[in-house]
Amino acid sequence: MPNSSSAKNNILHAVKGYQEALDHQQELIKTGTDFNEQKGQVANTIATLHPKRLQLVVSEVIEDTASTKTLRFKAEGIVLPPFQAGQYINLFVNIEGTETARPYAISSAPQQRGYYDLTIKRVADGYVSHYLLDDVKAGDRFQSTGPMGTFYHNPLFHGDDLVFLAGGSGIAPARSMIINMIENTLTHRKAAQKLHLVYASSYEADVIYENELKQLEKEHDFLTITWLISRPTEKYTGRTGHVNAELLTELLGSDLEKLQRKMFYICGPTSFHDFCAQQLEQLKVKARRVRIECNGPPKHPETLTGWPQDLIASDKVSVTINKADGTQGQFEARVDEPLLNSMERNGYSAENACRSGECSLCRVKVVKGSVFNPQEARLRSTDEAYGWCHSCVAFPTSDIEIMV
Amino acid sequence: MTDFDAIVIGAGNAGLTAATALQRGGARTLLLERHNIPGGCATSFIRGEFEFEVALHQLSGMGTEKSPFIMRKIFTDLGIMDQLNVVEERELYRVVLPSIENKDHEIDVTLPANIKALKKTLIAHYPDESENIEAYLTLCEKLSLECFMMLPRAQKTGDQTVLESTCPLYIQYGLTPSKDVLNEFFTNKDLKAVIAAYWCYIGLPPKDIPFCDLAVMIYAYAAFKPCHVQGGSQAISSALLESFLAAGGKVLFNTGAEKILSEDNQVKAVQTEHGDIFSCEHVISNTSPLHTFNELLDIPTPQQASDDMKSRRLGTSAFVLYLGLDCTPEELGVTAASNFIIDDRDEEVAFETMQGIVDPTHTMLTCYNHDDPTFAPPGKSSISLLCLQYSQAWQDLPVEEYAQAKYDFADKLIDHAERVFPNIRKNIEEVEVATPLTMMRYLNTPGGAIYGFQQNTQDAAMFRERINAIQGLHMAGSWNGMGGFQPTYMIGESTARAVLKKLKNTQSEIKQQELSHA
Numbered sequence: 001m002p003n004s005s006s007a008k009n010n011i012l013h014a015v016k017g018y019q020e021a022l023d024h025q026q027e028l029i030k031t032g033t034d035f036n037e038q039k040g041q042v043a044n045t046i047a048t049l050h051p052k053r054l055q056l057v058v059s060e061v062i063e064d065t066a067s068t069k070t071l072r073f074k075a076e077g078i079v080l081p082p083f084q085a086g087q088y089i090n091l092f093v094n095i096e097g098t099e100t101a102r103p104y105a106i107s108s109a110p111q112q113r114g115y116y117d118l119t120i121k122r123v124a125d126g127y128v129s130h131y132l133l134d135d136v137k138a139g140d141r142f143q144s145t146g147p148m149g150t151f152y153h154n155p156l157f158h159g160d161d162l163v164f165l166a167g168g169s170g171i172a173p174a175r176s177m178i179i180n181m182i183e184n185t186l187t188h189r190k191a192a193q194k195l196h197l198v199y200a201s202s203y204e205a206d207v208i209y210e211n212e213l214k215q216l217e218k219e220h221d222f223l224t225i226t227w228l229i230s231r232p233t234e235k236y237t238g239r240t241g242h243v244n245a246e247l248l249t250e251l252l253g254s255d256l257e258k259l260q261r262k263m264f265y266i267c268g269p270t271s272f273h274d275f276c277a278q279q280l281e282q283l284k285v286k287a288r289r290v291r292i293e294c295n296g297p298p299k300h301p302e303t304l305t306g307w308p309q310d311l312i313a314s315d316k317v318s319v320t321i322n323k324a325d326g327t328q329g330q331f332e333a334r335v336d337e338p339l340l341n342s343m344e345r346n347g348y349s350a351e352n353a354c355r356s357g358e359c360s361l362c363r364v365k366v367v368k369g370s371v372f373n374p375q376e377a378r379l380r381s382t383d384e385a386y387g388w389c390h391s392c393v394a395f396p397t398s399d400i401e402i403m404v
Numbered sequence: 001m002t003d004f005d006a007i008v009i010g011a012g013n014a015g016l017t018a019a020t021a022l023q024r025g026g027a028r029t030l031l032l033e034r035h036n037i038p039g040g041c042a043t044s045f046i047r048g049e050f051e052f053e054v055a056l057h058q059l060s061g062m063g064t065e066k067s068p069f070i071m072r073k074i075f076t077d078l079g080i081m082d083q084l085n086v087v088e089e090r091e092l093y094r095v096v097l098p099s100i101e102n103k104d105h106e107i108d109v110t111l112p113a114n115i116k117a118l119k120k121t122l123i124a125h126y127p128d129e130s131e132n133i134e135a136y137l138t139l140c141e142k143l144s145l146e147c148f149m150m151l152p153r154a155q156k157t158g159d160q161t162v163l164e165s166t167c168p169l170y171i172q173y174g175l176t177p178s179k180d181v182l183n184e185f186f187t188n189k190d191l192k193a194v195i196a197a198y199w200c201y202i203g204l205p206p207k208d209i210p211f212c213d214l215a216v217m218i219y220a221y222a223a224f225k226p227c228h229v230q231g232g233s234q235a236i237s238s239a240l241l242e243s244f245l246a247a248g249g250k251v252l253f254n255t256g257a258e259k260i261l262s263e264d265n266q267v268k269a270v271q272t273e274h275g276d277i278f279s280c281e282h283v284i285s286n287t288s289p290l291h292t293f294n295e296l297l298d299i300p301t302p303q304q305a306s307d308d309m310k311s312r313r314l315g316t317s318a319f320v321l322y323l324g325l326d327c328t329p330e331e332l333g334v335t336a337a338s339n340f341i342i343d344d345r346d347e348e349v350a351f352e353t354m355q356g357i358v359d360p361t362h363t364m365l366t367c368y369n370h371d372d373p374t375f376a377p378p379g380k381s382s383i384s385l386l387c388l389q390y391s392q393a394w395q396d397l398p399v400e401e402y403a404q405a406k407y408d409f410a411d412k413l414i415d416h417a418e419r420v421f422p423n424i425r426k427n428i429e430e431v432e433v434a435t436p437l438t439m440m441r442y443l444n445t446p447g448g449a450i451y452g453f454q455q456n457t458q459d460a461a462m463f464r465e466r467i468n469a470i471q472g473l474h475m476a477g478s479w480n481g482m483g484g485f486q487p488t489y490m491i492g493e494s495t496a497r498a499v500l501k502k503l504k505n506t507q508s509e510i511k512q513q514e515l516s517h518a
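Heads up: the protein sequence lines correspond to chains A and B, in order.
Per the working numbering: the first sequence = residues 1 to 404.
Per the working numbering: the second sequence = residues 1 to 518.
In short, the hints are calculated from the structure, not lab data.
Where hints are given, some of them may not hold.
To be verified - Facing chain B, according to a computed beta carbon distance under 7 Å, are these residues of chain A, among others: (1) G32; (2) N36; (3) V42; (4) P155; (5) A324; (6) Y386.
Stated by the list, open to error - Cut-off 20 Å, straight-line C-alpha distance, at most; resulting in silico cross-link-like pairs (EDC-like, lysine to aspartate or glutamate): (7) K207(B) to D140(A); (8) K426(B) to D161(A); (9) K16(A) to E164(B); (10) K74(A) to D140(A).
To be verified - Quick look at which bits of chain B chain A covers, simulated, 3 or more residues with Cβ under 8 Å: (11) 14-25; (12) 39-48; (13) 133-147; (14) 174-186; (15) 191-200; (16) 234-240; (17) 468-480.
Think of the CB as a built atom: it goes at the ideal place given N, C-alpha and C, for glycine as much as any other residue.
Looking at chain A on its own, in the form it has when it is part of the complex (with noise of 0.2 Å):
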């Protein structure tokens, strides 16, 4: 019992009110409870919202085109988490004893909780992405974080014009946002609002979806799509190029007023990005006015501004780990190999979810030595100072020591 009692506490009678205070107290006490009640509902309300780890398992493997497959996950036991249209989920893999992950945006709508699609392409020189089109099966099970991630339409200042500029399997979030448009239950659609796909693929035998959106498009006015094929064949009559300020001029006019109050959503190859990202910036589009999915570590960091000059692609470091138990492990590694991926080629791991510098969930201190941070990595403005890095966007330039 609160003690108004004690010796300390007595002379304070002398304050007026005090009394009623320990009066209200009583009060309180006998209609108030010890919370006991609530035991674990802190916990349970996260997780329904934003549950740290979904349990999955593989029921269905489609084959979209010869290069991709869409993935259908069911989660164990439980309904999925609400997501918005847009958002990804970062999915564990082991590979033959090597533990990564990589973040693929769902490409179901979010109105369907019975299950995420992610839709997958083969990425020439990748290494999951070939495990997940041969080995996967149905009946495989993974884990995976919840939906995660700001790629989705914002109605507080989006607006009702959108264009959504896809490169290959950056269609995938497209596709959830275009269904959920249609579904109009997650976020309400306004009427006015309507959505220009521009959909580019290198191949024709490449395009995912193509005869669902070419149906959804005949059956929903707000929806425009235009094809663009940059490889095409002999026999092909469409569109071809590239994503450039003429074509976007040609397809939304070039009142910089009207151009200006549409949102662009880019989502697809990391050149695919910046291609678009210039052409838009070319007609004048305010950064506000565009937003770029986030798409894995740069390729090539060496080509990049702030690379240290005397410092060649090939060259290896040593990589010191400081681990939790206070013993400490090293390995070698190549200076444009991201952090966080030979961290985990060599057995150690952070956790980690959109793997391109946004999440900030890998940072690791650097105690020794240093590492190149590209503009990827949106680091906090006191981090670099004390050494903090997002591991997965960090690239060593000298022997380091980490601690993890």
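Chain A is fixed; fit chain B onto it per the hints.
What follows is chain B alone, placed relative to chain A:
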């Protein structure tokens, strides 16, 4: 020998401070944090070009370089003061009660961060009450000094005559409901609303706040200046962690505490979510007592803790919009960093609206780059727009409706603020929405509480005995005193001091035993 002298659960303000003070005081300390970054709510996050401050609105208790106040001493003792670039704010706040028909605002008063100028400003706005204003501010000042200096001394003596002779104002006003004191001194309703605006930093209407709390707030902010730190509160958190590590402390991120293991009502060890068990003599819990006693402790909640919690009520959470705007503060019409936009002079109306997801009546807009341009990219503005709100209505929503409800309410909040700052929406470059459930997610607090329990009069430490049913288990955080930054740093520091003293006693006991055996 135990693995550690002390284990600190949670790297929030109090946890970080306690851990740093303990390690620097010679105690072998382990700091556990379930997130990947130190700070708890004293943190920041990045969207586009913006780094958003999560929770700090006005840091109190720093004073100036020339006349430093207690927080500078604490930060110096913790070894981080030279790491911090302090930005003094020029204004306490601006209060606006917008007009309904686009005329001049009904109330529009900006209070400067200076005692003399504050008095002058108030008198200029409310000349009829000039004497009352003088008397009120004098009371605030004198009462604050009693609270800081005399009261602790008087309590130590245990002598009522000492209390009576040194704390006359405290006796008369200290625990009186703030509303009563405001009514006693002022007749003008506008003036009362303006001068009590800091009630938001406590989360209860003035009728439920003991006057000493409100008085100390306005006096201390005016006398010692509200301020910011470049890099935001994350800069403080990161500096504390660095100081802790430099002193040899050990931290584990992404490692929540799973159990506090005890034996015969004495703390023995902490088990982490990954299953590791570390033995220790002391545990400092920076998480809520609800979580500490009901979920972490390996035995049923001790009667003493259970009884203490029965008289408590969960405090408020908040709904916050973090806005990165593509315009300057000037273009937006910002003339003070902190702005209270109110629809009603009666704070109890606001408190009513805090209970559900209903149209907000009191919002607060903070512009972080008003006093220092480094807080936003050039030509842009970094804003937090919030209202206090309890979490229950959000918890009751079906998960499918959560996102839409979040945006709908955010829209209303922007509408509310746009009556004073009309160009918010059209300049949005980045926005992140945090609901009370977001607070719950990141702070792990019941109800997403941001200040701990409701801070009414009887909630204060003087009405509480230290919960000592479990030897070696110490609580440090907003749940055991006031919420906010200065109070949580201070409780972390004082808890560390108490633990260091105990450790010293234990060590000398051991030494004595060794000697007697020799």
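Now the hints, each set against the structure:
1. G32: 4 Å, holds
2. N36: Holds: closest Cβ of chain B sits about 5 Å from N36(A), inside 7 Å.
3. V42: 6 Å, holds
4. P155: 5 Å, holds
5. A324: 6 Å, holds
6. Y386: 5 Å, holds
7. K207(B) to D140(A): 61 Å, violated
8. K426(B) to D161(A): Within the cut-off at roughly 14 Å; holds.
9. K16(A) to E164(B): It holds: about 12 Å lies between the C-alpha atoms, which stays within 20 Å.
10. K74(A) to D140(A): Cα-Cα ~11 Å, so holds.
11. 14-25: violated (count 0)
12. 39-48: holds (count 5)
13. 133-147: violated (count 0)
14. 174-186: With 4 residues closer than 8 Å to chain A, the region 174-186 of chain B meets the three-residue bar; holds.
15. 191-200: violated (count 0)
16. 234-240: Check passed, 4 qualifying residues.
17. 468-480: violated (count 0)
Against the hints set out earlier in the document, violations occur for numbers 7, 11, 13, 15, 17.
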